[in-house]
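Chain B: place on chain A using the hints.
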Amino acid sequence: MKGRQIIIISLVCAVVGLMAAIQFQSVNEPTQRDTRDLFEVRTQIQVEQKKQQQLYQQIAESEKIIEQYQEKTQEEQIATLKNSIEELKRKAGLTEITGSGVLITIKPIFFDGEAGQLYPTITPELLHRLVNELNSYGATDIAIENERIINTTPIRYVNGETYVNNHALRKVPVQIKVLSQNPSRLLDYIQVSKSKDYFAIENLDLIANIKQKLVLPKYEGMINVEMLEVNEIEMSGEQ
Amino acid sequence: MWLPVLFLLIGLSLGLLTDITIPEQFSDYLSIAVLAAFDTLFGGIRAHLEKKFDERIFLSGFFFNISLAACLAFIGVQLGIDLYLAAVFAFGVRLFQNIAIIRRLVLDQQKNSKQK
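Protein sequences, first through last, are from chains A and B.
Our numbering applies: residue 106 is where the first sequence begins, and numbers increase by one.
Our numbering applies: residue 3 is where the second sequence begins, and numbers increase by one.
Bound-form chain A, shown alone (with noise of 0.2 Å):
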């Protein structure tokens, strides 16, 4: 009967073992896997590196700028630093700008049919969702109309019309000036992205064409920086 005994207790003792491993197992478990493949590990490898080779880039713009201040007379250090704010100024959007690029056209599309159609107008979601598109397909430069677009450009809806810079933009059709480095690939991205489909949707046509010159107005308004502050980070190794 002794006997027994232990046997069952060694028995509920091994189920409750294998219970508390298991509960263990599952609790230690990592909720995400890698499981990526050799392929996809490779591509984030070159993507990593692309990034690492444009910030090594960027650094040695940047001392080379830093010479320039050192080694030189006063005269040519004001002129460096002349340099500098219009290299600034372009890149911020408040110069004009000349390059090849691509011309945008929005167009209503009209359709014969029994019952009569709106006039259709661009919303705001979809020159968001146009620009968004746009600079991911590796756009430099853009202006909607005479608007220039920069980083804090607004593009609202205010009382029935959509605002590009505090302005309200103009009726259908309208242009979209955009600068590329390579505007033949750009204008085959815009030839089958999916802005296409979401502006057909509105009875709107886009309308691409590779321009050789084009000339980007300068953004007009002030650039308010009250809401940006200086990023501190404090230097280590050497200086």
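By construction, these hints were calculated from the structure, which means they are not laboratory data.
Some clues are possibly wrong.
Quick list of the computed label-pair ranges, beta carbon to beta carbon [claimed, not checked]: (1) A:R147 <-> B:T20: 31 to 39 Å; (2) B:D30 <-> A:D293: 32 to 40 Å; (3) A:N264 <-> B:F28: 52 to 60 Å.
Calculated cross-link-like contacts (lysine to any residue; reagent style SDA-like; alpha-carbon spacing at most 25 Å) [as the list claims (entries may be wrong)]: (4) B:K54 <-> A:I111; (5) A:K107 <-> B:L61; (6) A:K107 <-> B:I22; (7) A:K107 <-> B:K53; (8) A:K107 <-> B:D110.
Covered stretches of chain A (chain B as the covering partner; in silico rule of three or more C-beta atoms under 8 Å from a C-beta of chain B) [as the list claims (entries may be wrong)]: (9) 109-117; (10) 120-127.
Don't be surprised by glycine CBs; every beta carbon is placed ideally from N, CA and C.
Then chain B, alone, in the frame of chain A:
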């Protein structure tokens, strides 16, 4: 006394080596079942030391407690109340009581064997 420990180790290593896992949503149930099993186990050890061990009570208690705890947790999930806490509380208290009694019994046994 070494056999239960051996079996416990066998069970643990079996569980760890076979790489069995359960889905996350059931881990609540299993945790409470483990607690219920521990409670029954210590109850059994206590009864064994008190020489009142009944294998029918032990086995039925083992399965009944586990299913009751799982049921409680299930109802709790359905009702949106953390009912499994009730089971955790009940089993936790009993676990401590049982272990305290086991300790006293073991100490008493040692005392008796010394006196002899």
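Quick rundown of the hints versus the structure:
no.: 1; hint: A:R147 <-> B:T20: 31 to 39 Å; in the structure: 34 Å, holds
no.: 2; hint: B:D30 <-> A:D293: 32 to 40 Å; in the structure: 54 Å, violated
no.: 3; hint: A:N264 <-> B:F28: 52 to 60 Å; in the structure: 56 Å, holds
no.: 4; hint: B:K54 <-> A:I111; in the structure: 14 Å, holds
no.: 5; hint: A:K107 <-> B:L61; in the structure: 15 Å, holds
no.: 6; hint: A:K107 <-> B:I22; in the structure: 34 Å, violated
no.: 7; hint: A:K107 <-> B:K53; in the structure: 10 Å, holds
no.: 8; hint: A:K107 <-> B:D110; in the structure: 21 Å, holds
no.: 9; hint: 109-117; in the structure: holds (count 9)
no.: 10; hint: 120-127; in the structure: holds (count 8)
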